[in-house]
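If you're matching positions, the sequence shown starts at 5 in the numbering used here and goes up one per residue.
Treat the hints with care, as some may be off.
To be verified - Straight-line alpha carbon distances no greater than 35 Å define the calculated DSBU-like cross-link-like pairs of lysine-lysine that follow:
{"no.": "1", "residue 1": "K152", "residue 2": "K133"}
{"no.": "2", "residue 1": "K11", "residue 2": "K152"}
{"no.": "3", "residue 1": "K133", "residue 2": "K76"}
{"no.": "4", "residue 1": "K118", "residue 2": "K76"}
{"no.": "5", "residue 1": "K152", "residue 2": "K76"}
{"no.": "6", "residue 1": "K118", "residue 2": "K152"}
{"no.": "7", "residue 1": "K76", "residue 2": "K11"}
By construction, these hints were calculated from the structure, which means they are not laboratory data.
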Amino acid sequence: MLVVSPKRYLPVAVNTLVLHAGGLYFYIHRDVYDQAVILADQYAELDELSTLVGGGADNRETARWFYSQAPKPLNILAPFLNLIEGELERDLELCCGALHVITSLIQVRHFIHKPQEVRKSVSFSLSIKDEYEMAWESFLMTAIPYEKRHLAMASALPVYQEHAAGFEVQQAPPERAYSAEPAPIQALPAEALATSMLEGFSVRREEEQAEAPKSMYASTAAEKKATKQLLL
């Protein structure tokens, strides 16, 4: 996005930066601004970048004029005006409107790294200057005039207070105090302890008897019978 206006606004769109030069305010999206900063750092000479961008010769002089009039780093986008077929007037609003459309369709930072055949195939007609007006109108309708910024903040304050009043601060319940000393263990009487031990021994004895193999009793009876026969 790239919008220019003689009037100062407070943008409500996120990632919008404002530049001021020559009595005009330039509203530029952060992504376009970052691309312009990188190009300005890489190409100090306008002609070097113009050679990489390519395009026709219709707007060579207009591009040079825009480079000298627009604020930095926005002026580094001037060579991309050469991609327009047909002569543009030397008007900052018109040139910025054309760049608004161009930067919304191509990534200018990466465009110069495309193959030459691809760069030569990209061009825009003069009708581009009519396409930006609707986008600009939408931006200016949502933006807040700078002199009315205090009214906008004042109107938003009651809404904030109304929402803030709906929240109640609740205090956390006091923490319980826990004793660091362990609870005392109740000792069983000696009689109860002995009874418990005997009951456990009795149960264990019954289990052992139940688990005894029947073959043991059978072998004992056979031995008794054999002994009786020997004694007869």
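Verification of the hints:
1. For the suggested pair K152 and K133, the alpha carbons sit about 30 Å apart, so the restraint of at most 35 Å is met.
2. This hinted pair checks out: K11 and K152 have alpha carbons roughly 12 Å apart, not beyond 35 Å.
3. For the hint pairing K133 with K76, the CA-to-CA distance comes to about 22 Å; that is within 35 Å, so the pair holds.
4. Between K118 and K76 the CA atoms are separated by roughly 25 Å; this keeps the pair inside 35 Å, and the hint holds.
5. Between K152 and K76 the alpha-carbon distance is near 28 Å, which keeps this suggested pair within the 35 Å criterion.
6. For the proposed pair K118 and K152, the alpha carbon gap of about 46 Å is over 35 Å, so the pair is violated.
7. For the hint pairing K76 with K11, the CA-to-CA distance comes to about 20 Å; that is within 35 Å, so the pair holds.
When each numbered hint is compared with the structure, a violation occurs for hint 6 only.
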